[in-house]
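*Asks:* So the sequences go chain by chain: U and Z. Each residue of the first sequence is one higher than the one before, counting from 33 in the numbering used here. Each residue of the second sequence is one higher than the one before, counting from 4 in the numbering used here.
Derived from the structure by calculation, the hints contain no laboratory data. A portion of the hints provided could be inaccurate.
As the list claims (entries may be wrong) - Here are the simulated DMTMM-like cross-link-like pairs (lysine to aspartate or glutamate), alpha carbons at most 25 angstroms apart as the crow flies:
hint, chain 1, residue 1, chain 2, residue 2
1, Z, K128, Z, E82
2, U, K153, U, E126
3, U, K86, U, E148
4, Z, K128, Z, D59
5, U, K153, Z, E78
6, U, K47, Z, E82
7, U, K91, Z, E108
8, Z, K128, U, D108
9, U, K91, U, E69
10, U, K91, U, E148
11, U, K47, U, E117
12, U, K86, U, E126
13, U, K47, Z, D95
14, U, K47, U, E72
15, Z, K128, U, E69
16, U, K91, U, E131
17, U, K47, U, E126
18, U, K91, U, E116
19, Z, K128, Z, E78
20, U, K47, Z, E108
21, U, K153, Z, E76
22, U, K153, Z, D95
Unchecked claim - Facing chain Z, from chain U, some residues (calculated, C-beta under 8 angstroms):
hint, residue
23, F61
24, P81
25, V146
Just so we're clear, the structure is a prediction, and the values are computed from it rather than from any experiment. A virtual CB, placed ideally from N, CA and C, is assigned to each residue, including glycine.
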Amino acid sequence: MSNQSEARDLEVREKQISESEGTRPGPVFQPEVDILERAEGYLVYADLPGVDEKSVSVKLESGTLILDAELATTPDPAWRPLLEEYRFGSYHREFRISEGIDTARVSASLRDGVLELELPKAESRRARTVAVQAG
Amino acid sequence: MAQYSVFRPWATAGSRSGTLDELRREMEGLFNQFGVARPGRARWGGVFPAVNLYEDGSQYVLTTELPGVNADEIEVSIEGSTLTLSGQKRIDYSNLEGASIHRRERQSGSFRRAFELPSVIDADKVEARTRNGVLMLRLPKSPEYQPRQIAVKAS
Numbered sequence: 033m034s035n036q037s038e039a040r041d042l043e044v045r046e047k048q049i050s051e052s053e054g055t056r057p058g059p060v061f062q063p064e065v066d067i068l069e070r071a072e073g074y075l076v077y078a079d080l081p082g083v084d085e086k087s088v089s090v091k092l093e094s095g096t097l098i099l100d101a102e103l104a105t106t107p108d109p110a111w112r113p114l115l116e117e118y119r120f121g122s123y124h125r126e127f128r129i130s131e132g133i134d135t136a137r138v139s140a141s142l143r144d145g146v147l148e149l150e151l152p153k154a155e156s157r158r159a160r161t162v163a164v165q166a167g
Numbered sequence: 004m005a006q007y008s009v010f011r012p013w014a015t016a017g018s019r020s021g022t023l024d025e026l027r028r029e030m031e032g033l034f035n036q037f038g039v040a041r042p043g044r045a046r047w048g049g050v051f052p053a054v055n056l057y058e059d060g061s062q063y064v065l066t067t068e069l070p071g072v073n074a075d076e077i078e079v080s081i082e083g084s085t086l087t088l089s090g091q092k093r094i095d096y097s098n099l100e101g102a103s104i105h106r107r108e109r110q111s112g113s114f115r116r117a118f119e120l121p122s123v124i125d126a127d128k129v130e131a132r133t134r135n136g137v138l139m140l141r142l143p144k145s146p147e148y149q150p151r152q153i154a155v156k157a158s
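Chain Z with its partners taken away, still in its complex shape (with noise of 0.2 angstroms):
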């Protein structure tokens, strides 16, 4: 099996690009907090499949392009906080008999690629839909790393 390493956004330990990321999410946070948008481009992972992470509450939700990926060729795995993605877009003309090709720009292949998440997920309740040539998960938040009120009482 190939290489491949584990992307994490939110490392802030030691490494050099893991502190210029933090500072680059500093500096978002900045922006948002002043309501002015982000700086055009979107920080990159590199990897494909490129993915938008949100935090919705109690879970998160990823969202990833994946068009002409069949929800059969895509396998999602979890363990603690790392998120693995992988799979296959097949584009095959064979059966096209006696056609030639003008233009080819969309491309087939295989990924794969994961990643750290801010906290440990629910495994068990991961749901992950394909819709539209858009993969969508929805991962909750483990109940230990999910914030809880702490009722005050008086002594």
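With the rest of the complex left out, here is chain U (with noise of 0.2 angstroms):
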């Protein structure tokens, strides 16, 4: 796999409203996600800056993932605001996964504001290759 190229300069992205409601009130973003596989699992990688170990949920119900997410400090009302440029809120995010995962074997790690999972795949539906014996 190639190396992505930093060369290149960031760009200002509004943020996506999730288009399923929610029941707290504020906004609710769709976080950007890279998916990656591997053949013995999935890794999921989520930019949700703000967000601590304690804000954010990982759920896996019948082959849906559900990622929810909270921020876990917001500015001080007590602040003036001069400048509003990014909006804030909670996350939300979902993917249908085919495969069958190992959901015991599911682990998340937090660094920066990104998520990182690991979804191994059930060793039922991994692939296999199967040695072709002479006869």
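Both chains are given apart, each in its own frame, so use the hints to dock them into the complex.
*Replies:* See the structure below:
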């Protein structure tokens, strides 16, 4: 796999509002994600700025991966806003996963506001190479 | 080094955009004054990263979301009232051998942005901290720009 070039400039993107109705007040955003697949499982990386380990939840329900997160800290209401270029709120996103996941072995970690999820494929679903023997 | 312009949301003199900005700010001031929520869309500098700026008494507080950017990769410099933020967001999956990418939405690359703050900053006392992928800067106003109580003496 080629290493992505770091030379290009980052662009401002408007945050996408999540389409599902939330029960919480305030906006709910769709985090940007990268999804990779390896023989042993999937890797999901989600940008969740402002979220800590306690405020994130990952669920796997009948083939759907559900990601929910709240901000760990919000600006002090006593601060007077002078410029507000970005909005903040909670996060929500769902993915259908076609293959069986070994739910007991799912692991998650957070670093610098990025969630890393490892979803190992269930043993029975892994592609296996079968050695062909001469008769 | 790439060309970049200084974002001056407080500019008033001359330029048309400055005048428009000023008008918009006055409008927002009016909305705030009457306790009405500000109209939906935020004012936008259009350059990465988007920032929020607050006033907290004798200091400004600037926040910006930089998920996946290590503190070592962020540079903050201050000159007078001009603040410059620059850095790199790296995404590298090359160590994941044999992986195929199904979805790629997160972006990597470099950024550089300069702002003019509403007043001169005491650069020695600036505090910068990242937490959960959010950079927060505490920018104390320079003492000579801080509001002062003047004692009135009877003659």
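*Asks:* Kindly indicate which numbered hints from before are broken by the structure, ordering the numbers from low to high.
*Replies:* Numbers 5, 6, 14, 15, 18, 21, 23 - these are the hints that the structure violates, sorted from lowest upward.
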